[in-house]
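Since chain A is already given, all that's left is putting chain B on it; use the hints.
As you go down the protein sequences, you meet chains A and B in turn.
The opening residue of the first sequence carries number 1 in the numbering used here; numbering runs sequentially from there.
The opening residue of the second sequence carries number 1 in the numbering used here; numbering runs sequentially from there.
A portion of the hints provided could be inaccurate.
Because identical chains cannot be distinguished in the list, a pair is counted as satisfied if it fits within a single copy or across any two copies.
Unchecked claim - Below, a list of computed lysine-lysine pairs in the DSSO-like style, where the Cα atoms sit at most 30 Å apart:
#: 1; residue 1: Lys478; residue 2: Lys234
#: 2; residue 1: Lys73; residue 2: Lys234
#: 3; residue 1: Lys234; residue 2: Lys417
#: 4; residue 1: Lys702; residue 2: Lys336
Everything labelled a hint here was simulated from the structure, so no lab data went into it.
2 protein chains.
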Amino acid sequence: MIKHLAIILFVSTSVSSVAQQLEKEPIHWVNPFIGTQRMGHTFPGATVPFGSVQLSPDTDTIPYSLDGKYNPKVYDYCAGYQYDDSTIVGFSHTHFSGTGHSDLGDILVMPTTGELRLNPGTSTNPDSGYRSSFSHDNESAQPNYYQVHLSDYSINAELTTTTRVGMHRYTFPKSSDAHIIVDLTHGIYNYPGKNVWTFIRAENDTLITGYRQTHGWARTRTVYFAISFSKPFKSYGLVNSEELIYRGFWRRFDQNSNFPENAGREIKCHFDFETDNNEQILMKVAISPVSTYGALKNLAAETPHWDFDRVVREGQNLWNKELSRIEVETLTDDDKVNFYTSLYHSFLGPTVYMDVDGQYKGLDQNIHTAEGFTNYTTFSLWDTYRALHPLFNVIQPNRNMDMIKSMLAHYSQSVHKMLPVWSHYANENWCMIGYHSVSLLADAIVKGNANFDTQFALDAAVQTASNGWYDGLDHYIKLGYVPEDISNNSVSKNLEFAYDDWTIAQMAKKLGNENIYKEFTQRAQNYRNVFDKSIGFMRPRLLDGTFKEDFDVLDTHGQGFIEGNAWNYSLYVPHDVEGLMELLGGQRELEVYLDSVFNMHLPDKYFENTEDITREGIIGNYVHGNEPSHHIPYLYNWTANPWKTQETVRLIIDTKYKPTPDGLSGNDDLGQMSAWYIFSALGFYPVAPGSEYYELGSPLVKSATINLENGKTFRIRAVNQSPDNKYVLKAKLNGQDIINNKISHYDILAGGELTFYMGARSRWSIKHY
Amino acid sequence: MIKHLAIILFVSTSVSSVAQQLEKEPIHWVNPFIGTQRMGHTFPGATVPFGSVQLSPDTDTIPYSLDGKYNPKVYDYCAGYQYDDSTIVGFSHTHFSGTGHSDLGDILVMPTTGELRLNPGTSTNPDSGYRSSFSHDNESAQPNYYQVHLSDYSINAELTTTTRVGMHRYTFPKSSDAHIIVDLTHGIYNYPGKNVWTFIRAENDTLITGYRQTHGWARTRTVYFAISFSKPFKSYGLVNSEELIYRGFWRRFDQNSNFPENAGREIKCHFDFETDNNEQILMKVAISPVSTYGALKNLAAETPHWDFDRVVREGQNLWNKELSRIEVETLTDDDKVNFYTSLYHSFLGPTVYMDVDGQYKGLDQNIHTAEGFTNYTTFSLWDTYRALHPLFNVIQPNRNMDMIKSMLAHYSQSVHKMLPVWSHYANENWCMIGYHSVSLLADAIVKGNANFDTQFALDAAVQTASNGWYDGLDHYIKLGYVPEDISNNSVSKNLEFAYDDWTIAQMAKKLGNENIYKEFTQRAQNYRNVFDKSIGFMRPRLLDGTFKEDFDVLDTHGQGFIEGNAWNYSLYVPHDVEGLMELLGGQRELEVYLDSVFNMHLPDKYFENTEDITREGIIGNYVHGNEPSHHIPYLYNWTANPWKTQETVRLIIDTKYKPTPDGLSGNDDLGQMSAWYIFSALGFYPVAPGSEYYELGSPLVKSATINLENGKTFRIRAVNQSPDNKYVLKAKLNGQDIINNKISHYDILAGGELTFYMGARSRWSIKHY
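This is chain A alone, in the form it adopts within the complex (with noise of 0.2 Å):
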């Protein structure tokens, strides 16, 4: 990072000032390049704290299929960006940060020079299209600032965000023939028929609007935009390249220059400028959810002026106040980094889905108003119920909050009646598996963050939990287990579905609610009935009973599970560790298993045909990117030695974390592999959302503060912290003894301190229960 933040002084003296301060400042300590190479998705682009935009260099455009086939390289690109890759193909609006899976990248804007060209090029011969060159050692990215020199044109890009404007900032050399590319085909997972129709005016010389409607994982999504430039284009193209079979009466003019209305499939822009040397030209792009009037709210409520490093500060600003939410002392610059690199990563997501108006599109298509909170998308709820959202209700209560009441407004617009399952712009994607919406309701309404309709909420956990037709639910229901040949993967849905119960218990409980209280409680005991005690895993049954033959408990595919193993999946009840335990033989025999899980070899023909699983990415059996996994390393808090998840989680924490470009061992997954760093580095985690405590681990940090809403601090210090002195001797909370080594959600907000002390060799083993 420092590299990079060095080359902003020489490329940008605008921001030089800035860069004075960073050090000072919570920003400095972000790189917003880690996890950019290979398997971490995360994006180096610029944006504001849960942004709208989030404004991102796309490196390559790869097709989803070839001849018709899945093309796996596409996976690489959930994010558009590759460290790797010499050339940038533009920079678009919209990402994902961290996902396994993809869509987005909308509104492609490319500064060019010299020939007009409209089509990206290939990476193999980039000459042939609109895609530059670049060199890292032009570029630099910051918290809501994000600059790269485009070698081939001699164009210095920079872009900087608000919520939902995105501000370019283009320094041109001296040409006659300048041009801004608009692509409005370019998406992220493009695949032939995903760009549904695209609709276009140019309503003067400096200002576009338009929208762009796709079927991709969104099955039916549609992004409005208004795009103003700050100087005048001197001619322009919207073209489109469809080869139309009718085209009617409008073949009398030639729509495609010059002419100030279009819509097709495959519209593409040009705007054609002659600029002086060291020229630059700013383009505002917003977008909506809602409509072009929509856009154009939202770009004169943000961005009512041209000045971009006002923009960059006023977002940076917005950064160090979310930052500072936590402040940490460390041992080295490289865990700071890392632990403002994740906390950066933890607040990309979800995201603002609404107008400065509060309306935004719901999930019945129709046009709604937020009344009374901010209305996000895209919930990753199969990752983020785990650690990000729990982090949420600890450091960001207000918002999820409104994350919550957002995921109730689009159960009430549900033609399924179902809360949210993967999400986004106003679709249900029903990506993995569960119904983990209502672990985040159960989380924080036991965690007393719970100022929403919480009856409603309840309502709305009960019938998502009722909904038969939906993965084996209905013999869930009935059998008690779900059947690996009614529903695959039956047993992590199973297993999932016990947990979620527990939380929809847990909840009732909290809300008085008797009767609800007991039905899911019993449900929750489901895991059982997926436990082969002959062989001492969980396994698939089957429609008549049986458990599945041809049974292999490390393989992760069509042995009825996702995203995990039979060894990984066992410990899938972190609801019930006690009751896992009895299954398993006991406390030691627990401690047997978790040592196997990270001591084993797993072969490589394991993993070789998973996309984002690598021999690094890996501890014996257990697989860091892979969330099944995530709560594992605290298991050990059960057993006789819960020095062992000290000694696991600071060997995850010092092993899966690198401040560089290839520094996550896996997806980042919206926030929840960095939340579970920032949990981690604090020293506790919730093993099981849905209750009020948390396991201690081993923390990371020499000392760290969290700035709670409710205005308390709730301090952390590790006395003794070394890379050495990973163990803990003993936890003190406010002075007092810790002899259960948990620590309630009501110790943190009531303000005070934890103490660990540490030590290199020493064996804390507090029995747990």
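Just chain B now, with coordinates in the frame of chain A:
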């Protein structure tokens, strides 16, 4: 018509009491089948006056292209129905009446029994699909009521409407396997790629919502809908038959069967029932230009009940009210049927285009609210400026003002700064030539029907006439003519621009703007610049000032004209017949010219390649189906022998309008052909809209009473009317002799009586000027 009315008494007892009333009511004289055979392009289905929903049977699904080539047969199906067909595909909710190009056909519904079929089948092999045979013997139509027996399924189908809701009543036989098909891929003028997107939800077992987005004549059009069933379906499918490259995780559900949401490009639905013998299942289909919420609002507001007969009756009451604006006595029942059917056809468009709360989608694709007016769409202005809107200024002045307000709203939303040319459903189709919106504005202002922002209207007219990029207008403004090598059909454009400019001048004069009056009065003389004195015809000129060589004065293709040849179009100077006469050589030469038009022989080759012109449709070289000639019969009024106007008008009335399915000699063109009939049958015609004067012809009626919106009545009497007495001996206005063969619009507004004294051989040869 009598045949069809009679059938109602047998097949539909529920409306039999209605039928007994009919004879006293104007709707008795309407036969919706007129024009449904061959070229009329009208539809027989149910609608209220100016209804958004025009619910009518479609009898085939002719593809727009065959092997990539235009299929001329598609032209026959502009209104979906051809009388000679023997099968009905289903009932769709939107239709144009009388157009020569098409779109719409939204939301096709078909009830069936037996094996489920989701494809329509073909006319040659109807059993291969869901279509059904039918017979005209078991079919009937009245205003707002259509009925047909679907013989393949023994289902009696009945249709009626409110403004925004279509109501279906299907009487089923006993069946354990009854279906209602909703085919959202069906459309009129369908071609590959026309269906852009469809979204659909089964809200519950009686309610469906969704939208259909198409790319047709309207490039970007979306119809939202809400469908309510009177009986819950027992099962259903929202089937997407598209081969999706990418379905992501959706694969784990069977989305085509009992799954409540789907979206895609190829959506067809089935709703399954068990029926008793004679069980009736009703459907309400509401449409909206805004949203599914809008459709639900419209549904609730307009049909808060399931009383089909009430909806029929209320709609027919509306028709009786509208048709009563003119009461006529005729010599024969056939004449009365022709008259009231023409009036009926005149009131089918433009159509209401907004929700019950005033919201509608604008040309900019944003949602607008019509404040203080009803928003209309479907402006086929090249056709309808001639007689339809002038007719509205007499008998529908308030609606006409609302139509003008709708056009001004369109202008405000136009990125082209253009008043509508041919617009429908928030789109400009750019069909045909000129900027005849200005004629509507001028005609309303000159006739005092101007309770709208007239200054804004004048600005809009001038701006529209200043858009140099449009159809050679920049050259027209600079050179005084449209060069054929710049813009084809240049003479037609030139002549129509000149007329339009004259209307702007009239508007400016009335509003006291002397500069604009002068400028456009001068521009109105530009017709002279394309008159070739050496041959005595209008003739295309090239950019270099010379006239086109190789010129055929009879050919309608490639000679500088559209829907007309040099013979016809050379008479297109409606605003300055004196000037034209002078160019032609004088009064006698005009008469000779007109005699030639009506008496010459037009060889077959000149119309055999033109879709809607047949030998029966022409009189000499006069083609009544081509609007640019509609004023020609009245030009004899400028000669020494106005009796030739009288004779010719009666000849056209007698031979080009018949009370039979094949009764229209050309496309009704959204009421223009019918409006010509109404005016002509009353005895006067607006040769130059924008003038307050009407030219007298020869009335067909014995008497007529026009019930004006200002509360006054204007009576027309034809003394000694008979088939032979087609000549006007003299005419009196309120007892005073008319000496100039004209009446003023203000004469009509004042109320009073116009009396024609008819004779068989008289030669009333008043000089016109």
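How the hints compare with the structure:
no. : hint            : verdict
1   : Lys478 / Lys234 : between (69 Å within a copy, 24 Å between copies)
2   : Lys73 / Lys234  : neither (39 Å within a copy, 46 Å between copies)
3   : Lys234 / Lys417 : between (52 Å within a copy, 20 Å between copies)
4   : Lys702 / Lys336 : within (11 Å within a copy, 98 Å between copies)
The structure does not agree with numbered hint 2 stated previously, though it agrees with all others.
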